[in-house]
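A.B. asks: Assemble the dimeric complex from its two separately framed chains, guided by the hints.
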Amino acid sequence: MIAGATMLAIVPDAYGGRGGIAQYNRDFLGAVADVGTFSSIIVLPRNAPDPYTTPKGIRQTAARRGRVSYAIAALLTAFLQPVDVVFCGHLFMSPLAALVARLKRAKLIVQTHGIEAWAHPKPPRRVAVESADLVLCVSRYTRGAVLGWAAMPPERAIVLPNTARADFTPGDGSKMRVALGLEGKRVLLTVGRMNSRQQYKGQDRVIDAIPSLVAMGHDVHYLIAGEGDDRSRLEALAAQKRVANRVHFLGLVPSGELKDLYCSVDLYVMPSTGEGFGIAFLEAMVSGTPAIGLDVAGAKDVLADGELGMCVSEADFVNEIHRALLAPKPDRDSLATAARARFGREAFQAGVRAAFNRLQETS
Amino acid sequence: MCGINGIFAFHPAANTPAHDELVATRDAMSARGPDGAGTWWSSDQRCGLGHRRLAIIDLSDRAAQPMVSDDGQLVVTFNGEIYNFPELRDILENEGIRFRTTSDTESLLHLYARYGPAMVHMLRGMFAFAIWDNLRRGLFLARDPYGIKPLYTANDGWTFRFASQVKALLAGQHVSRDPEPAGIVGFHLFGNVPEPFTLYREIRALPAGYTQWIDADGPHDPKPYATIAEVLARGANEENPAGELSDCLREAVMDSVRAHLLADVEVGLFLSAGVDSGVLLGVMRDAGQRQIRAITIAYEEFRGTSQDEAPLAARVCEQYGAQHIVRHVNEREFRRDLPAIFDAMDQPSIDGVNTWFVSKAAKEAGLKVALSGLGGDELLGGYPSLMDLPRWRFWFGPLTHVPGLGACTRMLMGALAPEFSQRRPKALGLLEYSDTWSGAYLLRRGLFLPHELPRLMDAEITREGLRRLKPLDILTSSITPDPHSDSARVCAMESANYMRNQLLRDTDWAGMAHSLEIRVPLVDFKLLEAIAPSISSLVPGRGKAALAIVPSSPLPAEHVSRAKTGFSVPTGEWMRTVAATAQPMRPPDSKGLVSRVWSRAVLSSWAPEKLQRQVQVA
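For the record, the sequence lines run as chains A and B. Quick note: the first sequence uses our numbering, first residue 1, plus one each step. Quick note: the second sequence uses our numbering, first residue 1, plus one each step.
Hints were generated in silico from the structure; no laboratory data involved. Take every hint as true, because none was put in to throw you off.
Label pairs and their in silico Cβ distance ranges:
1) A:V127 - B:R542: 42 to 50 Å
2) A:P211 - B:D337: 56 to 64 Å
3) A:L103 - B:L412: 45 to 53 Å
4) A:V127 - B:P403: 22 to 30 Å
5) A:S313 - B:D221: 32 to 40 Å
6) A:L103 - B:G72: 46 to 54 Å
7) A:N357 - B:R234: 29 to 37 Å
8) B:N134 - A:P211: 54 to 62 Å
9) A:A338 - B:N134: 23 to 31 Å
10) B:G404 - A:Y200: 41 to 49 Å
11) A:E346 - B:S43: 15 to 23 Å
12) B:H220 - A:K175: 44 to 52 Å
13) A:P211 - B:R335: 53 to 61 Å
14) B:E301 - A:P123: 52 to 60 Å
Each computed SDA-like pair below joins lysine to any residue, with the alpha-carbon atoms no more than 25 Å apart:
15) B:K470 - A:R102
16) B:K470 - A:P124
17) B:K470 - A:A151
18) B:K167 - A:G148
19) B:K223 - A:A354
20) B:K470 - A:W118
21) B:K167 - A:E155
22) A:K122 - B:E460
23) B:K470 - A:P123
24) B:K470 - A:G148
25) B:K223 - A:E155
26) B:K167 - B:T16
We put the beta carbon where it would ideally sit given N, CA and C, even for glycine.
The following block holds chain B by itself, in its conformation from the complex (with noise of 0.2 Å):
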């Protein structure tokens, strides 16, 4: 896990980049690479590349990077990790090469040389990266398939710019901060800003899972190299036997565990009272780790309550043998450390608070690496969007088709029972969105609607973004092709849009703040196309239950039955305290109306002033 960063000047007519602005873009990124830094320049000095380390695997400094194949011809920049580096490193010895680090990074150098763009398809592992190829003078990008490490990009037309974060990329002082309605609509929409968009015209994300080229022609078009909804299509045609799931499934998250645990540093863990941590924690013993650190964050309001997650916690610690670190938070810290919280969120986002405060705790435990649960309710069917979506498209589908019902309704229930609309803003949404899979979605994970927007910001914003977003679209072709199935489409949807966008977004950032490297076994390609077969037969709680039998001490049934909390206290409730003395109001009582004001404190206290004006929460 590093900060990369790069320019090139493509064009003819474009000056040669400046090296203060790509040490002023990589030196934005110090907290994700405190270990090392490194810069490159091609020989013309059309092409930077720079390179901020967190030193994981190879600590030496033969590791550190850019780093130049022996030839001098390829140059790579990577942040990361590959964690089937030993499999690829066998194989390419096996053809003769030789390595001169015991680095993954110098894995990407050989493969590239030997396989070209193809090398993708070879990578198990989160990853962003760039190699500059010297012989056919361009820039190659790729970045993971479920994009756990981020990548931007900005393109003025003349120079090609790249970085792990948009703040980096602005830093540089070179790249325009004219906003994206897209960006800002999205965060409206989904409480995240959805990729490619950024809130930034002239900044985007590389979509997961694409490669690009860029040469003197200028930036290709991004190419797709493996999406989530090709493996659950792929899965749903192949044969799978009722009950398999949990042979399966012990096998897979096993071996995804094991290379998860690749590091030359100790691996620690995120321990909730769940079942994806617990289990992560008994697999972690089960792959032969000795030594296990696991972190919980306990809040002060839930001691002794049910709510507090440290006794359950503590209790699979015991189980499993590992050391239990629990870290107390409270209101006061929140607001102490809510400033450094918007300084290190690299675009507005409703959630990551957590996160936050436990990657800190890890930090101050020492450690640089940490598993985590994340990703375990968005491939097991987690959430309840796995009941909602298909029983609201049954009953609520076909009402969408009569005319003008959904928005007539809408304007009634605002005349005659203002208080059931504002408690219950998306209910009414059913009548008009529920007859897709995108647009019950779209009501399920929504933040605000697309009515309710034009009394949030400028209505030109407003309509422009929903014209350049198309919510619906991103949200469809994250279903297409088709994976066949109600479980495989929530999968997919869940994972390609509040997980890619939120979660693993949320993670990045807060983890990096404190230099800290989350790995995710249960995101990860090799285990969604082993048990991808068995996603379409998935019920609500099996696929947990499942999950919680593949420690061979399986985790004790309370977990599986404890309900889930997510983030909604105490956080919430310092969330609502803090935004509503941003933006006094009624105080909201739901979840969902938490996060509404919540969005509004964020972007208040994150946008630049420019967007504070047109999104109206100056």
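Same shape as in the complex, but just chain A (with noise of 0.2 Å):
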């Protein structure tokens, strides 16, 4: 890349953003800024419902959420000044992106996230990431389901995995567990959505499992974190099982206070199938607390095969939570140094100046 470059980020959401893609793009974006090849980075948000600063070198206009009035201030935007690299923060915008990069000779970014990637999109999607000169992937899984319906060449596709704030680190989660009142118990915690169209976190299968967990000797307790409109079908299943006074809705958790919760718990637990990468996974265990979830999509990488969490079948899953809490207290800092050593920011970094190595060779 040419220093001084220009940057164009089609985004639907970055700076002043909530959710794991706005995050995942700002950590993009700053990694892009550190690397220090572009003069400018624009980004082009179609939400930022929070107050927000940018780091050096970023510019982010207005948010505008319809759909034509964002192509329009993207056409001109790019129409005003010099594009060189047009990044796509989610499949659904790539047709915009894939255009303002061919009507101004730009590279062309996309990056793919989760279950959006997954499944074959329309064709303006599928066409317009076949003409990216680089497909970032948050997963081998969903590199591997974007391969699947992408007729390009396997050497664009990489994994750029999410990376976990500076932050989350090991702590003493004791007052936590105090004022939750959970003191001497065993616990248990997922933090995810509750979203009634995606129920694949998993937050049903630990309910399932805590009267076996119960009946195996464990004073064992579950911690929600999140909100969503399937939070009553949890609830009414925790009612059937009759352990709703072991399951405890904690809603929606300021972000400052996430760490302390990923402190405070002995196993975070999350039987999803459907996750792009895991990013709670990830703050869990950089976080000291071991994690464990199922060998399914993109939950392997963030657990590493089993190397960093624990990472089974559906039918071990209830089994392996029992022998984690037999097990010795793990050491929370090597496994927060061996969790950063793979997703920390210097990885992230490492990987963003990769991509644009690549991005380089491309033609």
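C.D. replies: Below, the structure written as structure tokens:
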């Protein structure tokens, strides 16, 4: 890439945005700014509900929710200034990003995350991805799925996993545990949306498992952090299984309190079948809390196929929790260090540098 | 000829590869290299290389692989032979380099250390190798320009793996078995799996004439360094007075055969009644080889008929003073060997049975190396395609531009003359495909045509497979840049498609299953470069006639005039009966239709269960 190049980021949200994709885009754009290749990075978000500041070298325009107004803004921005690289932060925006890249003869990077990229997309999105110079995928699974429907050289699809914020570190979670009234209990935690249309996170599987764990002799309690319209179903399930007193719905936990929450529990559990990566596993592990998930989709990456966390089949899930609760307390610092070595900020920046090295080679 | 493999965990998130996996992949290729086995691991354990050895040059243990350079910075695992190794060694020794072995493998280390990736331009031979560059912390892969030696890679996004065989990569248990629709469709279109695809999405062939670099940034795009079309296009621009073909052919073939005799073990010959292998025998004798054992396959069913190759081959042996070994094969043996044949077949193929038996015979004779006449037809216009393709383009090409004519005629004939449609399924394709070289070639070599695929497999696989494979684009790329003449275009297409994906792959798996190195002096890039200026003036029959007079004692005229038999009979007949047992249907009566039925039998015997359901052969 020529020094002094300009990047246009077409993203659903980044700075001032909420959720995992906004966080990923912020991480990516911040790392790009750190690489120092670009003189200017212009970010066009659809949403930015929260106040924000952008790092040096990054300028974010006003959010435009409407599709038409967003497209006009993107084309206008591209028309008014040079664009060398277009970064598309979500598959559903790829046709617009591909159009802009084509008009400006710019290189195109498309970011893919999770389930949005697993099924065969509509032809305009597929064609846009096939035209990309580079497709970034958060996990091997997502990469495999993209290469399953996109006719493109496999070398152009690279894995750039999520990274954990620096403020997640091992710490003393006893205060939080006291606040929750769970001293002396064995505490499990899941952080994630409760979406009735995407019931893949697996909170229901954990609730199902509680009676068995109790029967195995564990005084187990289960914390569910997050919000969503599936909560009532899960509450009903807990009642039906007669474990409502052991299942605690915490609602949306503020970002600043999440670290203490991770540190306060014995085990992070998320038997999800639909993770593009599973950032919450990583946040738990860099906080020093062991994690257990299913050997399905992107979760295998963050659990490093069982080398970082426990990565098991659904059939073994309950027994594995049982074994984990019986095992000696893990060395939290070692776990956090190992997780950061693979998915920390340094590794993420190296991944971004690798991506731009590769981008330079594409014709 | 050996088996090579490796694992490189290039991504910082990747787990350190397991030693067991490297060994499992390596030892799945034990037939490729029964003389030795080795592994090497980088100090950080992130890269491992494996090797199974078939010792041909420098039989001592000092030539074992993976071979590490004296300074420990380079490590190579290599499959193949570098025929110009003596010249390269002279060059390197003149530059002050000291060899510690007499193996061609060591030259790769020195050449890479001195010239970097550009060293591939200096190599003459058949090769696939990987060099770990410790200073640059990366892996360099290369494959010969014709694609004689295979090299398959798999990248899951974290870890890069490679091996000489698809099945070996799968044996490591860490490579996805998700099917690749392009490979499945490709097999049905061509009777082989066209590179770079395989039947598995995650496994790709490093294309012939390409190199690839893999480092912490991951696998970089493979880079071409030599193509057949380029050589032919360059050759077409060179002066070539008429009548020179036989002269340059004599010199070039002699040079190639001499180079291919480089070995520390006995080099035998596959001998048929055709021109190519007969000429090789004569040139072997001219090159000074005293003891020559030639192997001919004879079929019991043909004994005493004109199709029996043994008598003619015997006369050639007598002429050139070679020891003739005739190995008889019958249907019982064919049926008995069939499970082993399918087991050895790395990717499904509708051919290779003859090569299986002649390799088996060579092994029984105690040979480790044999020359084969493969490649003569591609190089010198020995196939009907040299006549057919230009003719079809001339007569039928213009009709393809009439909108809907081809499809309508096909449907009409299907309704009015179903018998014709079934017996000559490709004839109607003339009105749809013959306007381009790639289309005409697809008709010539096609097993099924694209419109026939939906009745053989899921509609989704057909659609996706055709979209991903882009068969006409693949064929067009084999004549890019344009070689400027009909004969050169046919040479390029036959060499880069049928020969590369079918004949050379079959030669590899069938030979390797018997721990036999099959060398192909007529598939030699230097030979191609030497005669490229003459190829544009080739007319049907002239090339083979010129080849026949290459030996100082020319091949008898009856060899030149003998019609080509190919695999058609009796193996074709055996295939037909086996296929009919697997899939009861009306017995086909032409060679092309036998291949169609046989392809289904191959797939039903070969393909994994999941794949069988999708291609409807279960």
